[in-house]
Every structure is written in C-alpha cells, then in structure tokens.
Amino acid sequence: MSAMTEPASAAATRTREPLLSVRGVKAYYGNIIALKGVDVDVHPGEIVTLIGANGAGKSTLMMTVFGNPRAREGQVIYGGQDITRTETHLIARMGLAQSPEGRRIFPRMTVYENLQIGASVDNFAHFDQDLERICTIFPRLKERLQQRGGTLSGGEQQMLAIGRALMSRPRLLMLDEPSLGLAPLIVKMIFDTIRDLNRSEGLTVFLVEQNAFHALKLAHRGYVMVNGVITMSGSGKELLANPQVRAAYLEGGRH
Amino acid sequence: MAKANNRASEQTAIVEQGLAPALKEAAFAALVTFGLCIPIVAWGTRQDLNNRLILDQRWDAVAWAVLIVFIGRLLVSLNKQRRSAGGGPLVSMPTALVPAMARLLPILAPLAIGFLFVFPIVAIFGSGWQGSIKWIDNFGVQILIYVMLGWGLNIVVGLAGLLDLGYVAFYAVGAYSYALFATKVIPATYPALGVWAFWICLPVAGLLAAFWGVLLGFPVLRLRGDYLAIVTLAFGEIIRLVLINWVDFSGGYAGISTIPRPSFFGIPFNASDSGFAAVFGLEFSPLYRTIFLYYVILMLALLTAFVTIRLRRMPVGRAWEALREDEIACRSLGINTTSTKLTAFAIGAGFGGVAGAFFSARQGFISPESFTFMESAVVLAIVVLGGMGSLWGVAIAAVAMIGGPELMREMDLLKPIFGADFDPTKYRMLIFGLAMVVIMIWKPRGLISTREPTAFLKESKSVSGSLVKEGHG
Numbered sequence: 018m019s020a021m022t023e024p025a026s027a028a029a030t031r032t033r034e035p036l037l038s039v040r041g042v043k044a045y046y047g048n049i050i051a052l053k054g055v056d057v058d059v060h061p062g063e064i065v066t067l068i069g070a071n072g073a074g075k076s077t078l079m080m081t082v083f084g085n086p087r088a089r090e091g092q093v094i095y096g097g098q099d100i101t102r103t104e105t106h107l108i109a110r111m112g113l114a115q116s117p118e119g120r121r122i123f124p125r126m127t128v129y130e131n132l133q134i135g136a137s138v139d140n141f142a143h144f145d146q147d148l149e150r151i152c153t154i155f156p157r158l159k160e161r162l163q164q165r166g167g168t169l170s171g172g173e174q175q176m177l178a179i180g181r182a183l184m185s186r187p188r189l190l191m192l193d194e195p196s197l198g199l200a201p202l203i204v205k206m207i208f209d210t211i212r213d214l215n216r217s218e219g220l221t222v223f224l225v226e227q228n229a230f231h232a233l234k235l236a237h238r239g240y241v242m243v244n245g246v247i248t249m250s251g252s253g254k255e256l257l258a259n260p261q262v263r264a265a266y267l268e269g270g271r272h
Numbered sequence: 288m289a290k291a292n293n294r295a296s297e298q299t300a301i302v303e304q305g306l307a308p309a310l311k312e313a314a315f316a317a318l319v320t321f322g323l324c325i326p327i328v329a330w331g332t333r334q335d336l337n338n339r340l341i342l343d344q345r346w347d348a349v350a351w352a353v354l355i356v357f358i359g360r361l362l363v364s365l366n367k368q369r370r371s372a373g374g375g376p377l378v379s380m381p382t383a384l385v386p387a388m389a390r391l392l393p394i395l396a397p398l399a400i401g402f403l404f405v406f407p408i409v410a411i412f413g414s415g416w417q418g419s420i421k422w423i424d425n426f427g428v429q430i431l432i433y434v435m436l437g438w439g440l441n442i443v444v445g446l447a448g449l450l451d452l453g454y455v456a457f458y459a460v461g462a463y464s465y466a467l468f469a470t471k472v473i474p475a476t477y478p479a480l481g482v483w484a485f486w487i488c489l490p491v492a493g494l495l496a497a498f499w500g501v502l503l504g505f506p507v508l509r510l511r512g513d514y515l516a517i518v519t520l521a522f523g524e525i526i527r528l529v530l531i532n533w534v535d536f537s538g539g540y541a542g543i544s545t546i547p548r549p550s551f552f553g554i555p556f557n558a559s560d561s562g563f564a565a566v567f568g569l570e571f572s573p574l575y576r577t578i579f580l581y582y583v584i585l586m587l588a589l590l591t592a593f594v595t596i597r598l599r600r601m602p603v604g605r606a607w608e609a610l611r612e613d614e615i616a617c618r619s620l621g622i623n624t625t626s627t628k629l630t631a632f633a634i635g636a637g638f639g640g641v642a643g644a645f646f647s648a649r650q651g652f653i654s655p656e657s658f659t660f661m662e663s664a665v666v667l668a669i670v671v672l673g674g675m676g677s678l679w680g681v682a683i684a685a686v687a688m689i690g691g692p693e694l695m696r697e698m699d700l701l702k703p704i705f706g707a708d709f710d711p712t713k714y715r716m717l718i719f720g721l722a723m724v725v726i727m728i729w730k731p732r733g734l735i736s737t738r739e740p741t742a743f744l745k746e747s748k749s750v751s752g753s754l755v756k757e758g759h760g
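So the sequences go chain by chain: A and B. Numbers given in my numbering equal positions in the first sequence, counted from 1, plus 17. Numbers given in my numbering equal positions in the second sequence, counted from 1, plus 287.
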C-alpha cells in the first residue's frame, strides 16, 4: 500500500505552525472530568488520527474544539487564533468543518438541501461549483440529490455528512468515526476518499476512529487516548508496529 | 379455486377467533368511558330562578357515549387484527386520499384560491343579500383569521420546531396595539389620520408583536420541547393577566370598545354622504364592509403564505427547518441558532400581531376574554392536525376546526336528533378531542405529513444508475 510512504509535503510542513493546536485542555460533563489535560497538534496538510476505546474521550475532544462542551482549562488554537471561548457557529465559519458522531444529517430534508445547509457558511458564493465537486467525489450522492436524507443507507448518509462538511470549503476537516456501522467495502471507499482529498487538495484531516487499523494506515500521525489522556503518539506506521497498540486495539490479528 | 376457498375460510377463522378479544377490549374501553362519564356527564348542576342548585341526571348521554366508544373500539380492534392477519381492513380509512390530493395539488391550488376570491359572490347568490353576511363573516372571515394564525404559528412550530403554547399573546399584542393606537394615540395626535388608522396600525401592530416575539425568544433560547412549551404557556398568561389588571392601560375586563373600523382606503363604511355607499352611488348596506373585510383578511392570509413559501427557499427558512431536525448539527455547520430562533419567533409573532389588529378592527370591541389559552390551543391544534410545516394541511385543518362547528349549527337535520337548542360550539372541545384521536390513529403526523422539498433540480443534474460505479452498496 502506497499510503505507508509518507508524502514529502506533509514532512516538510511539520516544522511550520500547527493548524490546530490543543494545549492542556480539560473538559467536564457537569462534575465528571472527560479530558484530563490533552495536547494534540495538527499540521497543515496532515491526516492525524485519534484512536482509543469507547468512552476514552475522543468525541469529547472533537466537540471541545468546537466549544461544546467548552474547555474549562487549557487552550484551543486554530490558525494562530485562540478559539477556546469562540461560539460554535463562528468556529465553523473559520474553515473548520466536522462530520459529527452519528452523522447527524437532516433526515427530512433532501440531500440537496443538506448540502445547501453545509454551504450556508460562505453564503453560497460557490455553491454550484462545490456541488459539482461533491457529486464527483461521491457519485452516489449525485444520484440521490432529490431523496430525503433519512431514506439513504448508512454509507450514503456518511458520504452526505462528509459532503456537507466539505461544502464550506474547510481547511481542516474533522471526522468522528466515519466507519461506524458500515460494511468494510464502504469503509474502504470512504477512507480512500479521505486519502484522495488529502493528496490532491492538501486538505488537513483530523480523524477520530475506533477502527484503529484502517485509521493508522491512512494517517500520517496518530494519537492514542485512554481515559481522557493521550498515552501515545507517533507516526501511523510506528503506532501500527507498536506491540502495546497491537495488543489493545488490533487484537485478534485480523489484519 | 380450492385455494381461494381455503384462504377465505382461513380469514373467517381469524376473525371469529379474534372476535372475543376484540369484544373484551371494547367492553373494557366502554367501562372506562362509563367510569369517566359518571362525574363529568351523568350529573350536571345548574341554578334555577331561586338560585337553588339543581342536579340534572343525564344517563341517556352516558349511554350514548358508552355505546359510541364500544362500537368504535370494537371496529378499531377488529381492523388491527385483520391487518396483522394480512387481510384488508374491515373499515378502511381513506389513507390513499391524501397522497392523491397531494398529486392533484398543482390543479387544486389555483382552484381553491380562485374559489376564495369568488366566495362572497357565491354567498350572495346562494343565500341572498341579507343572508350572505352570516356566511361571509362567520365562515369566510372567521376561518381565514384562523388560517392566518395557523400559518403564522406554523413558522414557529412547524418549520423551526419550537413548541409555542402562548401564541395568543402576540394575537393580543396586535389587537391591543391597534385598539389603543386607533382610540387613543391617533385622536390625540393627528385626528385627521383617523380614517387611515387601520392601514397605519396594521404594520405597527405586526412590528410590535414581532418585538414581543423577540422579547419572549431571548429567555427561552436554551430551552426546547416541554420546557419551552411551559415558558411560552406562561408568557401567554402573563400578557392576558397584565391586560386584565393594568386597567389604566387596557381597560381591564371591560376591554376597549368603539374601535374604529377599517376604511376603504380612506373612505369609511357608513351611511353618511362621504361613506362608501354614497361615493360609489350604491344603496347603503353593512354587507359592503363585511365583503371588504373578507378580502382584507384573504390578502393578509395569502401574504403570510407567500412569505412562508419564499422564506423556506431562503437560507433563513432552510436554517429553521435544519434547526427543527438537529440543533447541534446546525451549530457545527456555522448556523447561528440564536438569530435563527429569534427570527422564527419574530416573524411568527408578527403575523399573529397583524391578525390580531385585523381581529380588533373587525370586532370593534376587544377584551382579555378573547385571548385565553383556549385560543392558543385551537391554533396549535390546527397546526398539529394539519401536519407541521404544511400550508395546505394547516388551511384544511382550520376549515375543519373552525368551519365544522359553525356548519353543524347551520344543519337543521341535526336539530331533531339533538333537540332544538342544540349548540355545536358547546361541543367544540369534544370535537377537538375526537379529531385529535382520529388523526393520531389515522395519520399520526398530521393530515399532510410529507415535507415538500424547497429546491427542485432540472433533469440534467440527475444521473442514471448505469453511470454510477457498482459495488459500493
């Protein structure tokens, strides 16, 4: 697999300022601590993955970047700006898009309308162009444009969630478990799409996954989270080879 | 042949087998009805001329109620059994009617609107010069007020998904704005504007109501569902209680009377030489004003519908609907949910306010009695029964809910059955309840529950299946 060889561009950007930098973030749900001081950096042009077990705090970290829940301590810096206290919808307007956990498409609205909502961030300035682009990336969606979101299959809904996020022309795309509940073939197709977007357009991707094998194979770098703390980090290859990671997340030697 | 026979006998077997449990269910429902009816229906009290309390026994009404529930429940149970057994239902509800109507909508829509425009003429030909007032006023104007209220509330509840139980507050704000401006402010400042009062105050009432909508919106921004419903319910009551108790401002229970009626763009509808009839060389009749009012409310209602249709296709309308579906997803896609909610409250309330101003101009008298929670409940029932978000559904529900009781009063053939003093408006709550139950069983998401997409694509954009890669299913 060619994905194992790291693109030179990503290595070159490593020295630059990170696009997203999470520094010592602590987040709580009420009195329950979910993130116990997390540091994560995402550099421009990278695919970074965050793996971990259920309830480790992966999704919480992603939502905390979007200010819901807000970080009680620490800082979230995006593009050199402190967004720790910025309102969620304003963060979305800064070129940060997400495909949330459980996809959260609008089920009663058509695929076309879902994509329109994704484009409302930049006031439909290049809606037609972007629609064409999404339809090229996901031909399945093009077929289904007039169908209601709720009638799509799980895989199509995931494509829609990613497509909707891409409509805002983000600099950083955050994906929360895009493989959840999908057939292996679709997972492969979606991961291939993410890789293509990263290669051809230099899109920076932050990927939260439970499917550690696929995620680490795809990503340039990875973080492992346990109970609200980052316990390991390294390149995708390193983590894949790490015996602890193998034991904890790649158990059974499926691959 | 043998197979068909076999199947038929199988069917009857199932029905026979199911009759006992169905009877049991029906008997149980009848028993519950009987229990409920004893305190509510069986004994009625009234005061006679000597101020004594008289106890009326109405066991016949109880018997009717029990019988109706028994038969109704029996049919429902049998229907359910037939359906689960794979057979056709015993009594089929016209479920296919609604989609068929939806398909006919492009033809029905202009017809229905055309009928609304000629309705006064039809009424005059149908029941004469004098008799038509009742039809135009009690049916036409009355129903259209509720259609407009329903469409206004539809923006808040149907599109934005914010359950508002206090919509009547904005209706009251609009009504009192017009009443106070027209009876106090304008005569005290520019009396010459008197004849134009209605036309000046209509937008003012709308704006004031919209302002109050925003005012209500702020504290409830973080609330949803049940909690939002409770707060809006309280808001509606607060407005009514303020109107009752702030006597200097609103006249309290006595209300405001002699509210100026609308003019025909400056020409008043009266018997004077400068009145409408004299100016146009007609014989004076109160019918002209009624017809004029009818067209005014028709235009206002159509304006509401037009604005709703336009807004749904604009980013703000789309944001409302997205908000109804998923608030968190909205926010993470860059939609400002605060302003989205506030615009929904403001625009919905604004239309309620305009309807209120029209109401007070038509009545000539308003008091807090007209703005009870019952009104909010009626309008909400219209929106829910019609199907949240559907303009057609809401209009049909308004006709049924408001026109239905009025029509029943007109029907002479009901008199011999229920007695000469039968007044169907007394049974309004009963009819509401019944309609709710029937709709819940038959169409749980309202009369017209399919949401119409706001964007239609040209053929060229759709791709045939053969062009799409296979294997990604």
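No wet-lab data here; the hints were simulated from the structure. Note that the Cβ used here is the ideal one computed from N, Cα and C, for glycine as well. Where hints are given, some of them may not hold.
[As the list claims (entries may be wrong)] Among chain B residues calculated to face chain A with C-beta under 8 angstroms, some are: (1) R738; (2) P740; (3) L744.
Hint-by-hint comparison with the structure:
The restraint placing R738/B at the interface with chain A holds, with a minimum CB-CB distance near 5 angstroms, inside the 8 angstroms limit. Annotation: P740/B was flagged as interfacial toward chain A, and the flag holds, the nearest CB pair being 5 angstroms apart, inside 8 angstroms. With a cut of 8 angstroms, the hint placing L744/B at the interface with chain A holds, because the nearest CB-to-CB distance is about 6 angstroms.
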